[in-house]
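J.: Residue strings, one per chain:
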Amino acid sequence: MAIKCIARLRSRRVVQDQLQTPNEVEAEGGCCWANLPQELLWEVLLMIEETESIWPQRKNVVACAGVCRSWRFIIQQIVKLPQLSGKLTFPISVKQPGPKDSLLQCFIKRNRSTQTYYLYLGLTNSLSDGGKFLLAARKCRRPTCTDYIISLQAEDFSKGTNTYAGRLRSNFLGTKFTVFDGQSPQAGAKMGKSRSSRLANLRQVSPSSNYPMAHISYELNLLGSRGPRRMQCNMNTIPATSIAPGGLDPTTQAELNPYQSTPTSFLSKSASMENSVSDQKNGGLVLINKAPRWHEQLQCWCLNFHGRVTIASVKNFQLVASPENEPGGPEHEKIILQFGKVGKDLFTMDYRYPISAFQAFAICLSSFETRIACE
Amino acid sequence: MLSSKNSALESKDNEIFEVEESIAIQSELIKTMATMVNSKAYVNERNQMGCWKQANYHVEQNNKIVDEELSDWESKFFEVDMDDLHELFMAANYLEIESLLNGVAKRVADIIKACMNVEVIRQTFGINNDFAAQQEEEIRKLNSWNHI
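These protein sequence lines are chains W and S, in that order.
Numbering-wise (our numbering), the first sequence opens with residue 1 and increments by one.
Numbering-wise (our numbering), the second sequence opens with residue 1 and increments by one.
It is possible that part of the hints are untrue.
Ranges of calculated distance between the beta carbons of each label pair, as one might list FRET restraints [what the hints assert, rightly or not]:
{"id": "1", "chain 1": "W", "residue 1": "Gln76", "chain 2": "S", "residue 2": "Ser22", "range": "55 to 63 angstroms"}
{"id": "2", "chain 1": "S", "residue 1": "Ile16", "chain 2": "W", "residue 2": "Lys100", "range": "58 to 66 angstroms"}
{"id": "3", "chain 1": "W", "residue 1": "Asn35", "chain 2": "S", "residue 2": "Ala114", "range": "20 to 28 angstroms"}
{"id": "4", "chain 1": "W", "residue 1": "Arg142", "chain 2": "S", "residue 2": "Glu119", "range": "38 to 46 angstroms"}
{"id": "5", "chain 1": "W", "residue 1": "Thr144", "chain 2": "S", "residue 2": "Ile111", "range": "55 to 63 angstroms"}
{"id": "6", "chain 1": "S", "residue 1": "Glu119", "chain 2": "W", "residue 2": "Lys334", "range": "41 to 49 angstroms"}
{"id": "7", "chain 1": "S", "residue 1": "Ile16", "chain 2": "W", "residue 2": "Gln76", "range": "42 to 50 angstroms"}
{"id": "8", "chain 1": "S", "residue 1": "Asp83", "chain 2": "W", "residue 2": "Trp42", "range": "15 to 23 angstroms"}
{"id": "9", "chain 1": "S", "residue 1": "Ala132", "chain 2": "W", "residue 2": "Lys334", "range": "40 to 48 angstroms"}
{"id": "10", "chain 1": "S", "residue 1": "Glu136", "chain 2": "W", "residue 2": "Glu50", "range": "22 to 30 angstroms"}
{"id": "11", "chain 1": "W", "residue 1": "His295", "chain 2": "S", "residue 2": "Ile111", "range": "56 to 64 angstroms"}
{"id": "12", "chain 1": "S", "residue 1": "Ala114", "chain 2": "W", "residue 2": "Leu127", "range": "27 to 35 angstroms"}
Cβ-to-Cβ under 10 angstroms is the rule here; a few derived chain W residues that face chain S [unchecked claim]:
{"id": "13", "residue": "Cys32"}
{"id": "14", "residue": "Thr51"}
{"id": "15", "residue": "Asn60"}
{"id": "16", "residue": "Val62"}
{"id": "17", "residue": "Leu152"}
{"id": "18", "residue": "Ala244"}
{"id": "19", "residue": "Gly246"}
{"id": "20", "residue": "Gly247"}
Calculated from the structure, these hints are not laboratory results.
Computed from a prediction, not measured in an experiment: that's the story for all the values here.
Where is the CB? At the ideal position from N, CA and C, for every residue including glycine.
Based on the sequences and whatever the hints tell you, model everything.
T.: See below:
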């Protein structure tokens, strides 16, 4: 093939031409990365998201979302929900449901002297890796109850900040608990006008107007304190159908914003601690602990933790969805949350869809706190 | 296997490049333009040279599927300053040379990953922070979660 040519050497100065091409426009003022065509920026950011899939490298994805609005917009489109990708990316990931296909392995470290608990995402199969910090909780004893303040910061438990995630409140006896989801000012620029004026008011909202998202109760079983305790968790914000194939999803995709600490839930009405019984009828998911079996030879109660729990403790548990009055299906066999001791102050916590890391952490904290069946 | 046919391509500053046909058609644009008469590729001289060098390398590699990492040759090739890299990116996009686009995108991704934090990314790419002050403060606070 031949393309017609006219030979004439010239210096490299730009020739003004009526037919301006993309390159000519660029050459005028020097290069400008801020004006990079969206499709090219997309390719670059997609590459970063795909290759930086585990922590600590994943922080590069979050860094890109903090550069400017256009970068953030693209990152938000690219990053998939944890339930699809199995990856935690933004702070809000701790409040989004876990992966559908497998348990996400985490661990909890306890500091007895400061009454603080730290939740980490496991980075390897070994329990000795540093892990990626997710949440911290500090115990605050009050005259009539006990609170665990949960935060996105390891050492900051103040309630007025946007790192406050919520809290777990126990009743006086330590038999009933409520998980409150903290509300915080939203950083999203893409909210509409009417929403943003509503959101502006949220800044004046005090922590006591936290939203009660779950109720946990502990009871003795028929054997009294000699047997394993019975746990029940009523998850107000998770539809009971979420565990079935094709069931309702707990979060609405359209409402998500990486810098918001509370995803919009499917149920907006609040419930007091005593209303937990009616939650099932309202469509909320109920989780119960799997009953251990008595091992005659070992003379102890046993659950199969698949190697993730190595020290016997009354605090260890596995939660499954309660079939309530219907016959149980395969979806009621799946372990949704598993918690157990592996060291003096070290515990594993494995969770999956439809609960989030925040909810799982709060449920585990209640296991530390309750005195039921502890000898 | 290599064609003896050469294409003569004129750059926008009227430099003429003779490029072998098999290499020239790495550019989807040139491939299309070949059917048109009197068409010209509007890319400046220096970057067009660069584009054809890379396209040549790619053809020499027998159009192998690109790997995850840049090859040694490509790494050296892309060690240019940010201005040149940007022009290379735009040229590759305009000429529609997929292998080059891929290579530049990888290089840019590597530069971003090497930046320690958001500020360094902004400085390297000359990007302005266009978040509202309050948003910026909230993002900064929550971003500290990244580094714990």
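J.: State for each hint whether it applies.
T.: Now the hints, each set against the structure:
1. W/Gln76 to S/Ser22: 55 to 63 angstroms: violated, 42 angstroms
2. S/Ile16 to W/Lys100: 58 to 66 angstroms: Holds - the Cβ-Cβ distance for S/Ile16 and W/Lys100, about 59 angstroms, lies within 58 to 66 angstroms.
3. W/Asn35 to S/Ala114: 20 to 28 angstroms: Because 23 angstroms falls inside the window, the suggested range holds.
4. W/Arg142 to S/Glu119: 38 to 46 angstroms: holds, 42 angstroms
5. W/Thr144 to S/Ile111: 55 to 63 angstroms: holds, 57 angstroms
6. S/Glu119 to W/Lys334: 41 to 49 angstroms: holds, 45 angstroms
7. S/Ile16 to W/Gln76: 42 to 50 angstroms: Given a distance of about 46 angstroms, which is inside 42 to 50 angstroms, the answer is holds.
8. S/Asp83 to W/Trp42: 15 to 23 angstroms: This hint holds: roughly 22 angstroms between Cβ atoms.
9. S/Ala132 to W/Lys334: 40 to 48 angstroms: For S/Ala132 and W/Lys334 the Cβ distance comes to about 44 angstroms; the hint holds.
10. S/Glu136 to W/Glu50: 22 to 30 angstroms: holds, 28 angstroms
11. W/His295 to S/Ile111: 56 to 64 angstroms: Because 58 angstroms falls inside the window, the suggested range holds.
12. S/Ala114 to W/Leu127: 27 to 35 angstroms: Given about 31 angstroms between the Cβ atoms, the range holds.
13. Cys32: The hint holds - W/Cys32 has a Cβ within 10 angstroms of chain S, the shortest such distance being about 7 angstroms.
14. Thr51: holds, 7 angstroms
15. Asn60: holds, 5 angstroms
16. Val62: It holds, given that the least Cβ distance between W/Val62 and chain S is near 5 angstroms, below 10 angstroms.
17. Leu152: Because about 5 angstroms separates W/Leu152 from the closest Cβ in chain S, which is inside the 10 angstroms limit, the hint holds.
18. Ala244: It is violated, given that the least Cβ distance between W/Ala244 and chain S is near 34 angstroms, above 10 angstroms.
19. Gly246: violated, 34 angstroms
20. Gly247: violated, 31 angstroms
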